[in-house]
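2 protein chains.
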Amino acid sequence: MTAALTTAQLTQEHRPTLDQALEAIRTRAYWSPHPEHPKAYGGESEGGRRSLSVAEGQAAFEALRGKRFELDQPGTDGWAGSEVSPFGAEMGMEYPHPDIEVLLPAMRAGMPAWRDAGPETRALVCLEILARIGARSHEFAQAVMHTSGQAYMMAFQAGGPHAQDHGLEAVAYAFAEQTRTPGAADWSKPQGKRDPLRLRKTFTAVPRGIALLIGCNTFPTWNGYPGLFASLATGNPVLVKPHPQAVLPLALTVQVAREVLKEAGFSPDLVALAAERPDEGIAKVLAVRPEIRVIDYTGSTAFGDWLETHARQAQVFTEKAGVNTVVIDSTDDYRGMLANLAFSLSLYSGQMCTTPQNLLIPRDGITTDAGPKTYDEVVADLAAAVDGLLGDDARAAALLGAIVGPRVQERLEAAPGLGAVALASRSVAHPEFPDATVRTPLMVKADGARKFWEGADADAPYLSECFGPVSFAVAVDSTEDAVALLRRTTRDKGAMTVGAYTTSPEAERLIEEACLEECAQLSLNLTGGVYVNQTAAFSDFHGSGGNPSANATLCDGAFVAGRFRMIEVRRPAE
Amino acid sequence: MTAALTTAQLTQEHRPTLDQALEAIRTRAYWSPHPEHPKAYGGESEGGRRSLSVAEGQAAFEALRGKRFELDQPGTDGWAGSEVSPFGAEMGMEYPHPDIEVLLPAMRAGMPAWRDAGPETRALVCLEILARIGARSHEFAQAVMHTSGQAYMMAFQAGGPHAQDHGLEAVAYAFAEQTRTPGAADWSKPQGKRDPLRLRKTFTAVPRGIALLIGCNTFPTWNGYPGLFASLATGNPVLVKPHPQAVLPLALTVQVAREVLKEAGFSPDLVALAAERPDEGIAKVLAVRPEIRVIDYTGSTAFGDWLETHARQAQVFTEKAGVNTVVIDSTDDYRGMLANLAFSLSLYSGQMCTTPQNLLIPRDGITTDAGPKTYDEVVADLAAAVDGLLGDDARAAALLGAIVGPRVQERLEAAPGLGAVALASRSVAHPEFPDATVRTPLMVKADGARKFWEGADADAPYLSECFGPVSFAVAVDSTEDAVALLRRTTRDKGAMTVGAYTTSPEAERLIEEACLEECAQLSLNLTGGVYVNQTAAFSDFHGSGGNPSANATLCDGAFVAGRFRMIEVRRPAE
Numbered sequence: 136m137t138a139a140l141t142t143a144q145l146t147q148e149h150r151p152t153l154d155q156a157l158e159a160i161r162t163r164a165y166w167s168p169h170p171e172h173p174k175a176y177g178g179e180s181e182g183g184r185r186s187l188s189v190a191e192g193q194a195a196f197e198a199l200r201g202k203r204f205e206l207d208q209p210g211t212d213g214w215a216g217s218e219v220s221p222f223g224a225e226m227g228m229e230y231p232h233p234d235i236e237v238l239l240p241a242m243r244a245g246m247p248a249w250r251d252a253g254p255e256t257r258a259l260v261c262l263e264i265l266a267r268i269g270a271r272s273h274e275f276a277q278a279v280m281h282t283s284g285q286a287y288m289m290a291f292q293a294g295g296p297h298a299q300d301h302g303l304e305a306v307a308y309a310f311a312e313q314t315r316t317p318g319a320a321d322w323s324k325p326q327g328k329r330d331p332l333r334l335r336k337t338f339t340a341v342p343r344g345i346a347l348l349i350g351c352n353t354f355p356t357w358n359g360y361p362g363l364f365a366s367l368a369t370g371n372p373v374l375v376k377p378h379p380q381a382v383l384p385l386a387l388t389v390q391v392a393r394e395v396l397k398e399a400g401f402s403p404d405l406v407a408l409a410a411e412r413p414d415e416g417i418a419k420v421l422a423v424r425p426e427i428r429v430i431d432y433t434g435s436t437a438f439g440d441w442l443e444t445h446a447r448q449a450q451v452f453t454e455k456a457g458v459n460t461v462v463i464d465s466t467d468d469y470r471g472m473l474a475n476l477a478f479s480l481s482l483y484s485g486q487m488c489t490t491p492q493n494l495l496i497p498r499d500g501i502t503t504d505a506g507p508k509t510y511d512e513v514v515a516d517l518a519a520a521v522d523g524l525l526g527d528d529a530r531a532a533a534l535l536g537a538i539v540g541p542r543v544q545e546r547l548e549a550a551p552g553l554g555a556v557a558l559a560s561r562s563v564a565h566p567e568f569p570d571a572t573v574r575t576p577l578m579v580k581a582d583g584a585r586k587f588w589e590g591a592d593a594d595a596p597y598l599s600e601c602f603g604p605v606s607f608a609v610a611v612d613s614t615e616d617a618v619a620l621l622r623r624t625t626r627d628k629g630a631m632t633v634g635a636y637t638t639s640p641e642a643e644r645l646i647e648e649a650c651l652e653e654c655a656q657l658s659l660n661l662t663g664g665v666y667v668n669q670t671a672a673f674s675d676f677h678g679s680g681g682n683p684s685a686n687a688t689l690c691d692g693a694f695v696a697g698r699f700r701m702i703e704v705r706r707p708a709e
Numbered sequence: 136m137t138a139a140l141t142t143a144q145l146t147q148e149h150r151p152t153l154d155q156a157l158e159a160i161r162t163r164a165y166w167s168p169h170p171e172h173p174k175a176y177g178g179e180s181e182g183g184r185r186s187l188s189v190a191e192g193q194a195a196f197e198a199l200r201g202k203r204f205e206l207d208q209p210g211t212d213g214w215a216g217s218e219v220s221p222f223g224a225e226m227g228m229e230y231p232h233p234d235i236e237v238l239l240p241a242m243r244a245g246m247p248a249w250r251d252a253g254p255e256t257r258a259l260v261c262l263e264i265l266a267r268i269g270a271r272s273h274e275f276a277q278a279v280m281h282t283s284g285q286a287y288m289m290a291f292q293a294g295g296p297h298a299q300d301h302g303l304e305a306v307a308y309a310f311a312e313q314t315r316t317p318g319a320a321d322w323s324k325p326q327g328k329r330d331p332l333r334l335r336k337t338f339t340a341v342p343r344g345i346a347l348l349i350g351c352n353t354f355p356t357w358n359g360y361p362g363l364f365a366s367l368a369t370g371n372p373v374l375v376k377p378h379p380q381a382v383l384p385l386a387l388t389v390q391v392a393r394e395v396l397k398e399a400g401f402s403p404d405l406v407a408l409a410a411e412r413p414d415e416g417i418a419k420v421l422a423v424r425p426e427i428r429v430i431d432y433t434g435s436t437a438f439g440d441w442l443e444t445h446a447r448q449a450q451v452f453t454e455k456a457g458v459n460t461v462v463i464d465s466t467d468d469y470r471g472m473l474a475n476l477a478f479s480l481s482l483y484s485g486q487m488c489t490t491p492q493n494l495l496i497p498r499d500g501i502t503t504d505a506g507p508k509t510y511d512e513v514v515a516d517l518a519a520a521v522d523g524l525l526g527d528d529a530r531a532a533a534l535l536g537a538i539v540g541p542r543v544q545e546r547l548e549a550a551p552g553l554g555a556v557a558l559a560s561r562s563v564a565h566p567e568f569p570d571a572t573v574r575t576p577l578m579v580k581a582d583g584a585r586k587f588w589e590g591a592d593a594d595a596p597y598l599s600e601c602f603g604p605v606s607f608a609v610a611v612d613s614t615e616d617a618v619a620l621l622r623r624t625t626r627d628k629g630a631m632t633v634g635a636y637t638t639s640p641e642a643e644r645l646i647e648e649a650c651l652e653e654c655a656q657l658s659l660n661l662t663g664g665v666y667v668n669q670t671a672a673f674s675d676f677h678g679s680g681g682n683p684s685a686n687a688t689l690c691d692g693a694f695v696a697g698r699f700r701m702i703e704v705r706r707p708a709e
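Those sequence lines, one after another, are chains Y and F.
According to our numbering, the stretch in the first sequence is residues 136 to 709, in order.
According to our numbering, the stretch in the second sequence is residues 136 to 709, in order.
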C-alpha cells in the first residue's frame with residue numbers, strides 16, 4: 136500500500152515549481168519544468184521519481200490494449216469503448232459507462248473537504264497529478280498517438296510535456312486568482328472621536344459545482360488539461376467526457392488524478408470519467424444538468440454554439456473552428472519563409488486548430504531577398520518546399536502522422552473541386568503501420584478579388600474552415616485587400632492564429648492594427664524554428680477569446696476567475 | 136480655456152492613490168480616499184482642488200432644473216426627460232436623445248487612441264474623472280436624492296464618496312488585471328548545442344467594443360460606477376443608459392467624463408449618454424446591437440435574465456432580485472441585535488437590494504442575554520425597536536427617505552394581505568417636502584413550517600422578493616429548518632446578503648456551511664454600527680456572483696477580466 140501523501144511532502148516537492156510557474160506567467164519568458172526530449176525519460180530523476188522510457192511506455196500501453204480500464208468509480212452501469220487507432224489497429228479498451236444519477240452526487244460529496252483544503256493544497260495536489268502523468272509521458276505518447284493520429288514525436292511532446300505545461304499554467308493562474316484576496320482581514324473604520332468600527336472578515340474561495348470537460352479527438356490532453364486543472368485547482372470536481380475516439384489519454388489522466396486525490400486524503404470521485412456508447416450524445420445530456428456549473432469544450436462550432444446557448448447554468452469555455460490566415464506581403468528571407476510555411480502546413484497533416492488555411496498573396500507578386508516573385512511563383516515555390524520537406528516517406532510520416540478520421544479524409548478528397556490544385560495530396564506509405572492513412576497537404580488556388588468575399592452573400596470556399604490538410608493560395612488585389620479579407624474572416628469565422636510576412640513598416644502596421652481590432656494573435660516573419668501553429672505555455676496565449684474561434688484564451692485570468700466565487704463571512708472583531 | 140491635462144500631471148496627482156487602492160484590494164483593510172463627512176467639502180483642498188459645500192451643491196443642482204442638459208454629443212436627434220423627484224418636485228431637465236446610427240460609430244472612433252494609451256494612462260484619466268465628481272459630491276447628492284428618494288445624508292454618502300470608492304475599486308482591479316501580463320517579453324528557448332530560439336513578444340490589452348451601462352433608479356451612481364469605470368479603464372467606450380427616473384446623476388457623470396477625456400487629449404465620445412423617451416425601451420434595442428460587447432445591468436430579474444439570454448454578443452454582468460435572509464438563533468446582545476436589525480429594515484425604506492426580507496425565528500423562541508424570548512416576543516420587540524427608531528418624524532424622514540415609485544408603494548399597501556401584520560407601516564410627514572411619500576417599514580408574520588416552503592409548488596409569500604419596506608417574521612420549527620429555508624431561497628431566488636445571530640458554534644457552523652455552499656455573503660452577529668445591508672469598497676464583496684441574485688460580484692478579478700483581451704504579436708528577436 137502506498138504511503139499517504141502529506142502536505143509537507145507535497146510542499147517540499149512542488150512549491151518551488153509552483154513559484155516558478157507564477158513567476159513565468161508574470162514575465163512570460165521561456166520556462167518549462169517538463170523536459171521535451173524523449174531521452175530525458177527512463178530511470179530515476181534526481182528527485183527520486185521513476186519515469187518510463189520509450190520502451191517501457193510502449194509496454195505499458197500494450198498491456199492496456201483489449202482490456203477493461205478499471206477506475207473503481209461509483210455509478211458504473213456498464214462498459215463502453217470503440218476506439219480505433221488512426222494507425223490501423225483496434226484498441227479494444229472498455230471504459231466505465233456512468234450512471235450519472237449515482238456518479239454526480241458522489242462527485243459532489245467530495246467538494247466540501249476539497250474546498251476547505253484551500254488554494255495552496257489544491258495546487259500542490261494538482262502538481263503531484265501532473266508529475267505522475269509526466270513520469271508516464273511515454274505511455275501517454277502512445278495513447279495520444281493511437282487516438283489522435285499524431286506521429287510519435289508530436290504525440291509525445293504535445294500530448295506529454297507541452298500538455299503538462301498547459302495544465303501547470305492553469306494551476307498557477309488558478310492559485311494566483313484565488314490568493315489575490317487574503318484568507319482573512321481585520322477591518323477598522325475610524326469614527327472620529329468614537330471607537331472605530333471593527334470587523335474580522337474571512338474569505339473562502341468556493342467552487343461553482345461540478346465541471347464538465349468535453350474532450351476532443353486531436354489533442355485530448357493538450358486541449359483538455361487547461362480546463363481540467365483550472366477547475367480542479369479552484370475546488371470543482373471534474374467529470375471528464377472524452378471524445379469517443381480519444382478516451383485513453385484522458386482515462387489515464389483520470390486514473391492518475393483519482394490515485395493522487397485518494398493518497399492525499401481526498402475523495403477520488405473529485406475526478407471521474409464519463410465514457411459513452413456510440414452515438415449516445417452524453418455531452419448534451421450532461422451539459423444542461425443543474426449540477427454542472429463549468430464546461431470546457433474543444434470542437435465544432437455548431438456544438439460549441441449550442442453549449443453557449445443552452446448550458447446557461449454553467450460557465451462555458453469553448454474553442455471552436457476558425458479560419459487562420461497568413462498574409463504574404465514581402466520578405467527578406469524567402470527560403471526561410473517557404474520552409475517555415477511548408478512545415479506549418481504539413482505538421483500533423485494540418486489537423487491543428489492553429490494551422491494556416493488562407494495564404495493571401497498579392498496577385499501582382501511580392502518583393503523578396505531573392506528578387507520579385509509573382510503570385511504563381513510564390514505558390515509553386517511553396518508547393519515545391521512542401522514536396523521537398525515530405526519527399527522521403529519515413530520522414531513524411533513522422534511529420535504528417537495519420538489522418539484522424541473519415542471526415543477529414545472526405546474533405547481532403549473533395550478539395551480539388553474547390554479550385555485549381557497547386558499542390559496535390561499524395562498517399563504516403565507508413566513504414567511501421569501499413570493500415571494508416573497518411574496524406575500530404577493539398578493547396579488550392581483561389582481568386583481573392585473583392586467580389587468573391589465582400590458582401591453578406593459571398594461564398595468563396597476560403598471564407599469557411601476546411602479542417603485538415605487543405606489550404607488556399609488566395610490571389611488578392613493588394614496587401615490592403617489581404618488585410619480587409621483577414622478582417623472579414625476573423626470577424627465572421629474567427630481565427631486561432633494569424634501569420635504575416637512583410638518588410639514594409641506600413642503593411643506591418645496595417646496587419647497589426649487589424650489583429651488588435653479583430654482580436655487575433657499575430658506571428659510576424661517566422662522563418663526559423665518557431666511555427667505559427669505552436670504556442671508555448673507560460674508565454675504565448677492560445678487563441679484570444681475575442682473572436683468567434685474561441686470565447687476564452689489558454690490561459691489568462693478570465694479563464695480561471697469565473698470558476699470559483701469568493702465568499703466572505705464578517706463578524707464583529709473580538 | 137482649461138489647460139490640457141498632461142500625463143505628468145495625472146501621474147503626480149493620482150498614481151499614489153492608485154497604488155493605495157491596489158494595496159487595499161490586496162489587504163482588504165479599511166481604506167477610502169473619499170471623505171464621507173459632508174463638512175469635509177467646500178473650499179480648497181491641500182491639493183488645490185476646489186470642492187462644493189452643501190449650499191454650493193444645492194445651488195448647482197437648482198441651476199440645472201428645468202433646463203436642457205447639454206452634452207455636445209454627436210448624433211442627438213431630440214431631447215428626452217421625464218424625471219419627477221420622489222420628494223415631490225418636477226425636475227424638468229431634458230437630456231440628449233441619441234441617434235445610435237451616428238453615436239455608436241462616433242464612440243468606436245475613439246477606441247484605438249484610448250487603447251494605445253495603455254492601462255496606466257487610462258487608470259489615471261479615470262481617477263481624474265472620479266476626483267472631479269468627488270469635488271461635486273454635494274451636487275451629486277442632490278441629484279441622487281431627487282431621483283432615488285434617498286434622504287440627503289444617504290444620497291450624499293452612498294451616491295457620493297461610497298460610489299466613488301466603488302468606481303476607484305473597479306479601476307484598481309482593471310489596472311491590476313491588465314498589467315499582470317507585461318507589455319513585452321523576450322523569449323529564448325534552449326536548443327541543446329544549437330542557438331536558442333528567440334522571439335520578441337508584445338502584449339496589448341485590447342477592448343471588447345462599446346460597453347452599455349443600464350442604470351437603476353435607486354442607486355444610479357453606486358451601482359453604476361463599478362461597471363462604467365471597469366469598462367472605461369479596460370479601453371471600452373461606455374454608453375450610459377440611465378433609468379428614465381434617475382438620469383441626472385449619470386448625466387452629470389457623463390458630462391465630467393467627457394470633459395476630462397477631452398482635456399486629456401482623447402475623444403470625449405468615449406463616454407456618452409442615451410436618454411430615452413417614456414416607454415421607449417431603448418435598452419432592449421441597444422443590448423443586442425453588434426457594437427455592444429459588454430453590458431452592466433442592475434434591476435429586475437426578468438430583464439436581467441432577458442439580457443443574459445439574448446445579448447449573446449456581449450459579456451453581461453447583472454445584479455437582479457434576491458431574497459435576503461437573517462437567521463435568528465440566539466444572541467448575547469439582544470438589544471444590540473434589535474437595534475441593528477431595526478436600522479437595517481428602516482434605512483432607505485428597505486429599498487436596497489441588500490435589505491433583509493426574511494427573518495427566520497424558531498417557533499419555540501431563542502436564548503438571549505436578556506433571558507429566553509418567544510417567537511412572539513422577538514417579533515414584538517423588533518417591531519418596538521423600529522417604532523422607537525422612527526418615533527420622531529424628522530429623524531424618521533432622514534433615515535427612511537421617500538418611496539421611490541408607485542410600484543413599491545403598491546407592494547407595501549398589498550402586504551397586509553400576506554399575513555398577520557406584526558408591525559404596521561405609517562405615513563411620515565416630511566418636514567421639508569410635504570409631497571414626499573415617506574412610509575415606515577411593515578412586518579408580516581408568516582408560518583415557516585416545512586410544508587409551506589418544501590417542494591416545487593410551495594408558494595409561501597416569503598419565497599419571492601417583495602422589494603421595498605416589507606419583511607417577513609417567519610416562525611420556523613428549528614434553526615436547522617431555518618438553514619434549510621435559507622438554502623432553498625438562496626438557491627432558487629438568490630440572496631445579496633445573509634445575516635445571522637447565534638451564540639451556538641454548531642448553529643454558526645451550519646449557517647456558514649450553507650452560505651459557502653449556496654454562495655452567499657454572510658454577516659454574523661452585527662449589533663453595532665455596521666449593518667448587513669452595507670458593503671465597503673476595497674474590503675467587502677457586494678453579492679457573490681454565485682447565486683441567482685447576481686452573476687457578478689462588485690468587485691473582483693472576474694468582474695474585469697472579460698472586459699478586454701490580451702493580444703500578442705511575436706517576431707523573431709533582432
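I should point out that these hints are in silico values taken from the structure, not numbers from a laboratory.
Hints may be right or wrong, so weigh each one.
Copies of the same chain look alike in the list, so a pair counts if it fits in one copy or across any two.
Below, a list of computed lysine-lysine pairs in the DSS-like style, where the Cα atoms sit at most 25 Å apart [to be verified]: (1) K628 / K586; (2) K328 / K397; (3) K397 / K508; (4) K328 / K174; (5) K174 / K586; (6) K580 / K628.
Just pull the numbers of the violated hints for me, sorted ascending. Numbers 2, 3 and 5, in rising order.
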